[in-house]
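Those protein sequences? They're chains A, B and C, same order as listed.
Residues in the first sequence are numbered consecutively from 1, following this note's numbering.
Residues in the second sequence are numbered consecutively from 1001, following this note's numbering.
Residues in the third sequence are numbered consecutively from 2001, following this note's numbering.
Worth flagging that the hints you see were computed from the coordinates, not collected in a lab.
A hint or two may mislead.
Claimed, not checked - Taking lysine-lysine pairs in the DSS-like style, the calculated list, with each CA pair at most 30 Å apart, reads:
#1 B/1152 to C/2193
#2 A/59 to C/2019
#3 A/167 to A/125
#4 C/2019 to A/70
#5 B/1195 to C/2019
#6 C/2050 to C/2060
#7 A/104 to A/181
#8 A/181 to A/59
#9 A/104 to A/129
#10 A/70 to B/1085
#11 C/2050 to B/1160
#12 A/319 to A/269
#13 A/334 to A/269
#14 B/1152 to C/2050
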Amino acid sequence: MSYLSISHVTKQFGNTVVVDDFNLEIEKGEFVSFLGPSGCGKTTTLRMVAGFEIPTSGKILLDGADITDKAPNQRNVGMIFQSYALFPNMTVAQNIAFGLSVRKESREMITQRVDEMINLINLEKHATKYPYQLSGGQQQRVSLARALAIHPQVLLLDEPLSALDAKIRVSLRAEIRAIQKKLGITAIFVTHDQEEALSISDRIVVMNVGVMEQVGTPFEVYNFPTTVFSANFVGSLNNASAEVVNPASGFISIDGVQFESAVDLTQRKSGDKVRVAIRPERLSFASEQKKANVVDATIENITFLGSVVRIRVKIGGTKFNMDTFNNPFLDLPKIGAVEQITCSREAVLVLDE
Amino acid sequence: MKSSQTSDPQLSNVTVGGASRPPRLNFGHWLGVIPFFVFSGLFLIAPTLILAYRSLEGANGGLTLENYQQLVSDTVISAYAMSIKISLTTAILGGLIGFLIAWVVSMGGLPPRFRLITTTFSGVAANFAGVPLASAYVFTLGRVGLVTALFKMFGVELYKNGFSLYSFLGLILVYLYFQIPLMVLTILPALDGLKREWREAAENLGATPVQYWSRVAFPVLMPSILGTMILLFGNSFGAHATAYALTGGLFNLATLLIGQQISGDVLHNPGLGYAVAMGMVIIMAFSILIYSILQRRSERWLK
Amino acid sequence: MMPSPVSTAVAVKPSATRKRLGSWLIFSAVSLYFLIPLGATFYWSLRGQKDVLGFEAYRKLFADTNFLPAFSESIVNAVATIFISLLIVVPTAYWVTLRLPKLRPVVEFITLLPFVIPGIVLVFGIIRLYSRPPLLLTATYDSSRILLICVYVALSFPYMFRSVDNGLRAIDVRTLTEAAQSLGANWTTILFKVIFPNLRVALLSGALLTFAIVIGELTIALYMAQHTLGPYMANLTRSKVYEPSAMAIVAFAITWAAMGIIDFVGRGSSKHLQMADTE
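Model the full structure from these sequences, guided by the hints.
And the structure:
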């Protein structure tokens, strides 16, 4: 039995199904991200774990106990909000102490725990400041400390980094991950930012319109997306409709141009419509020894993106993006030139249309 | 988005205005604001200053505090006391009832339509002071008022049981008619400023609703509530028309006393009259000052 | 992010039902307090004729030879006040926002003065200052009337300034001005073609609020011996039986109309702005 179990959870607001049959088992100490666009039901699912919403049907078990209908203030789960939600009338220390003091813990215990938490987030100098005197990043760290002070069984983070500047976002997410690992706490992290989810999580749940699209490690979700949505949402992607040419040998055809895929196509028939997805960085200029998937491509456009150069090419009638690492000696082709382009068989993903 | 718009222009103005143009005192620059200062000077500031000056003038010329020392005379003290008593009572009652109503229509579970009705009506009632309000109460609770008559039908003679519309209690009832709406109008935005996340964070950390209200919501709202009550105090303290229309100007109230002093020197000492007027200004200035300090704190918290 | 009404989680609990019941109770009780005086006054206003309910009291009121002159005089005063006040406040607010930001605290302080100086004190000072040489402005009825309007203008500054200032903030006047300038517009064009149209709602609410306050103003008009609506109403309550009730209802209707229009146009414009926001 897993530590946190969300089984067959459905949530409706009126006639709108916001979360549809959500199933997930989370192990103790695991860091799981819910990733999806706004309106996909990720936040609602999180709020059901926190107790702010009651599932229309389904069950949520935490460490073996059914918490589905339990009031939020009886649950002992810590929540971090996008807007920090620090109490403006209290200092940093008072904010962190709040959960302990409403539990009527002893004064010594509270002081000790608050000190511990303030050390954990490195805000020793700011303990007596009010939230409005702190930066966004500092405020969110306080809110992390406040949630952790009550020894929650699960830590829930609702887009905690979305309101912050890009640089703080990256450093704070590393800090969150480090603290989570150090304390061994189970965490659910809601985000719409795929890079964030990929970098921080043990596992990612990709969600779309209330439905779980894919569950897997960041490696799996990025490299082996199982649905078109998940392939598109995580990372950038070329995708095109294609036709199965030979199921046994893995040949498909995109607009007349043949590609060979490592994906098992034996369940499909020749002539089946499928969707083909290839990551831009898996495409490259063909060198002598490459044999498979070498095709002619017309160079249409070259965009400089810093560490990466994105080249827009046309293969047959279909346009593809090809990413290649930038270096000062890069020998870029001319626009309009025809070059040979290749990708490995493993890079050609075949998904249902 | 909105908050950055409201706070930014001031800052950017200072830098842009200062950087792009050398500091020259161009007359055209000031032209737009001169009429404003002239009007304020002639019709607000100068009349007050003349009263201030006269209040410091002795009976035989020269500057003195004599007139202010005479404020302790019975007539003046009792008028001030009644004004302050009425203002305090209506500020506290109006504040409490107004807060309750604001809470009820914003988070008490009533249909949203009721909030709209309440704010519109409050806008009307807060500006409905003066003669019409006094008349309305005469027709309701005066000697032949409708409610008085209704009570009589049930065997209760209000006016034989010590009630009078033209008394302390009566004035309280009347003043609340504009005090409660003013509280509703000023406290509603503060209630809206309470973020849903604060309640959720409190619940999430194990707080009961009572703990949330006593430790978070009320402390956060306190500056607004207190500040607005002080505003109500001033609003009632300076009110003249309603009391005048209700009592014919003969009730012992600071504003009515000044009215009598204007019509004829009832205090038999012009200098004292000026001191009474200035005393009101000082009390009003003091309350407005506290109000703005509290308001600033509350804005910082609720933004 | 998700449309998640808070009530759904709470609605099932009995405490929520209790809360709603309490809310209804409080709301009804306070509503009664506010509606009964209006109802009673309205009832009286229909009893102008013996034993019949009708509009006799209103007819008598409008037939009173003093009513219409007082009413129209108050309307003219109010309109004059609004006009002058707008002419003064709009440039002031615009200048303070755009060119003289350092003056803002001073202007804001001055707009607080009408709250600090009670009307009765102000009129006291006005009389002492302007009713004797060298500044004899109360010599004739008309000169007094002009003085009264000037005082009203000064008293309207807080409402006008706040309305206009909020309006200016809502439209980001600096950017609009710069955009207009960069397109070659001069100052008058900017003011009349760009700023004013965008401030319509703000100007209208400031104007209507001023109207509601000035139209029945008693204290200052009374001690300056003006025959406006305020003193007329005060006199009416002492001399007539039924007409004051009709008068109170009419006054209430005027206030209601002014506030209703403010609400209505205000709501329209905020909806407009919100839509612009989401796009």
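Structure-based check of each hint:
1. B/1152 to C/2193: violated (64 Å)
2. A/59 to C/2019: holds (29 Å)
3. A/167 to A/125: holds (22 Å)
4. C/2019 to A/70: This hinted pair holds, its Cα atoms lying about 20 Å apart.
5. B/1195 to C/2019: Distance ~20 Å between residue 1195 of chain B and residue 2019 of chain C Cα, so the pair holds.
6. C/2050 to C/2060: holds (14 Å)
7. A/104 to A/181: holds (29 Å)
8. A/181 to A/59: Status holds; Cα separation ~27 Å.
9. A/104 to A/129: holds (24 Å)
10. A/70 to B/1085: violated (50 Å)
11. C/2050 to B/1160: holds (28 Å)
12. A/319 to A/269: holds (26 Å)
13. A/334 to A/269: With Cα atoms ~40 Å apart, residue 334 of chain A and residue 269 of chain A exceed 30 Å; violated.
14. B/1152 to C/2050: OK: residue 1152 of chain B and residue 2050 of chain C at ~21 Å, within 30 Å.
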